[in-house]
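Student: Residues per chain are reported as follows:
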Amino acid sequence: EAGVTQFPSHSVIEKGQTVTLRCDPISGHDNLYWYRRVMGKEIKFLLHFVKESKQDESGMPNNRFLAERTGGTYSTLKVQPAELEDSGVYFCASSPWTGGSNTEAFFGQGTRLTVV
Amino acid sequence: AQSVSQHNHHVILSEAASLELGCNYSYGGTVNLFWYVQYPGQHLQLLLKYFSGDPLVKGIKGFEAEFIKSKFSFNLRKPSVQWSDTAEYFCAVNPPNFGNEKLTFGTGTRLTIIP
Chain A
21 EAGVTQFPSH SVIEKGQTVT LRCDPISGHD NLYWYRRVMG KEIKFLLHFV
71 KESKQDESGM PNNRFLAERT GGTYSTLKVQ PAELEDSGVY FCASSPWTGG
121 SNTEAFFGQG TRLTVV
Chain B
9 AQSVSQHNHH VILSEAASLE LGCNYSYGGT VNLFWYVQYP GQHLQLLLKY
59 FSGDPLVKGI KGFEAEFIKS KFSFNLRKPS VQWSDTAEYF CAVNPPNFGN
109 EKLTFGTGTR LTIIP
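Residue numbers (our numbering), protein chains in the order written: chain A, 21 to 136; chain B, 9 to 123.
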């Protein structure tokens, strides 16, 4: 079974440019999460999709970040325009919908974004 | 709001040494507890988890963790480490509330094992 896949693995862009990160969750997983780790700090929650709907986007830093999950399959996270402080590793995770709690999230390898 | 503290930022051990990584959390209710590991160049993967029941949890690769509710702790242990355990380790929690499974992570502990 394929795991959570993220593209690209590494992106270097200039301040002010736009970048789009992609996440392909495990097939059949309705829950999809985005997290971010700024260098040396903790991994922080950004948002949570259930299928195509945003369940919780309380962790999104500001309106320069836009996440979508059209059709409830893969998700994209766009940063426009990128700023220096957006640099970090962006993780995607997915988990099955079990109708309750106590589910395990499976993570991708992350996308390292460097804004110069 | 919940928070997770990992007090050891970088731990260096020789092979065969015993390991204990600290994790304390701050949350006023019941929590699920996790340890994730990220080996160099790989994805985050689950080492072990605690939802309920026996507070001593066994995970993969010989790791275990003990949930001590009175101390709000979930320390990770391994009796004898190997060079291949070199990785970054993350403690995480989430409240077992329906529809609210987002994880709160600690800052991570980098473990370096010297052959």
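Hints are computed from structural coordinates only; laboratory data are not their basis. Using N, Cα and C, we set each Cβ at its ideal position, and we do this for glycine too. One or more of the hints may lead you astray.
[Claimed, not checked] Residues on chain B that point at chain A, a partial pick, calculated with CB under 8 Å:
no.	residue
1	K57
2	E109
3	F113
Student: Taking the hints in turn, state whether each one holds.
Tutor: Going down the list of hints, with the structure as the test:
For K57/B, the interface hint holds, since its Cβ comes within 8 Å of a Cβ in chain A; the closest pair sits about 6 Å apart. For E109/B, the interface hint holds, since its Cβ comes within 8 Å of a Cβ in chain A; the closest pair sits about 6 Å apart. Annotation: interface hint on F113/B holds; nearest CB of chain A at approximately 4 Å, less than 8 Å.
In summary, the structure agrees with every hint in the numbered list given earlier.
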